[in-house]
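*Asks:* Sequence:
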Amino acid sequence: MKKIKAAIIGSGNIGTDLMYKLQKSDSLELTAMIGIDPESDGLRRANSAGYRVFTNGIDDFIERPDLADIVFDATSAKAHLRHADILKDMGKTVIDLTPAAVGPFVCPPVNLGDHMESCNINMITCGGQATIPVVHAINEAADVTYGEIVATISSLSAGPGTRANIDEFTITTRRGIEEVGGADQGKAIIILNPADPPILMRATIYCEVKTLDEEKIRQSIAEMEKKVKSYVPGYRLKQEPLFDGSCVTVFVEVEGAGDYFPKYAGNLDIMTAAAKQAGEMVAKHLLGHEKHLNKAVATHETK
472 MKKIKAAIIG SGNIGTDLMY KLQKSDSLEL TAMIGIDPES DGLRRANSAG YRVFTNGIDD
532 FIERPDLADI VFDATSAKAH LRHADILKDM GKTVIDLTPA AVGPFVCPPV NLGDHMESCN
592 INMITCGGQA TIPVVHAINE AADVTYGEIV ATISSLSAGP GTRANIDEFT ITTRRGIEEV
652 GGADQGKAII ILNPADPPIL MRATIYCEVK TLDEEKIRQS IAEMEKKVKS YVPGYRLKQE
712 PLFDGSCVTV FVEVEGAGDY FPKYAGNLDI MTAAAKQAGE MVAKHLLGHE KHLNKAVATH
772 ETK
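472 is the number of the first residue of the sequence shown in our numbering; add one for each residue after it.
Worth double-checking, as some hints may not be accurate.
Claimed, not checked - Result set (EDC-like, lysine to aspartate or glutamate): computed pairs, CA atoms no more than 16 Å apart in a straight line: (1) K755 with D585; (2) K549 with D638; (3) K495 with D730.
Hint data in this document are derived by calculation from the structure and do not stem from the laboratory. These figures come from a predicted structure and were not determined experimentally.
Construct the entire structure; sequences and hints are all you get.
*Replies:* This is the structure:
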């Protein structure tokens, strides 16, 4: 099967885990890892795996635009602001794993189909990927007036990038709850838990709704859980949704796949898994468009 070429910018933990996930893709061919620290573990691993390795950041990729049509940015919100403009001028499709919020917010099972032609797709945040699908599911069944999420992650899974972007996390996730989840008003909180042994990622989703139909809400949430679980196998509800008056509370847990991160780092794993899912869906869209064009050209030539 033909694949779309892809590259990763950022050789830290997120970029390295994403590398292992893309190795298993049936529609994306990873070609290069782009970083700035030649001694980083990510670049060493990428080099050992046979990928092209660049150590001068995006400036190296500018010289080799043929290496990828889809670029995953796993750097930082600040760095992505520069990268976004450069990659747009190069005509590349970008899957943004930072909270920069340059392009439209996307949760693959919710709204990726609306943004297949976008040149920049933002994956919101780890908390957003874990909770916004549930907010959306409840909103579809009951019309959410207020949605609040509390994401609790192990301190050990919060690296310097996560800690530097805490403010962006709360702002971007709140916007995602409203713009993608469909809540009239949203709020997001993140808690770093220092427990030892480290805890799995857990999130609480609290929604106030206009129309409380318990069975309809349960069914909508269950269907969404299956959709997320299809690309994040460790995603699960901790218990049945709780109902209290016009309020619905849902508890989810995310266990990582263990590709590069430890399994407790579900918050990081769900970001790379969602990014892979988004990249694959875009790649299949591009391949389908290319097939359609080729068929049209062949039909024209035979006339």
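*Asks:* Run every hint past the structure and note whether it holds.
*Replies:* Each hint tested on the structure:
no.	hint	verdict
1	K755 with D585	holds (15 Å)
2	K549 with D638	holds (13 Å)
3	K495 with D730	holds (11 Å)
The structure is consistent with each of the numbered hints, conforming to all of them.
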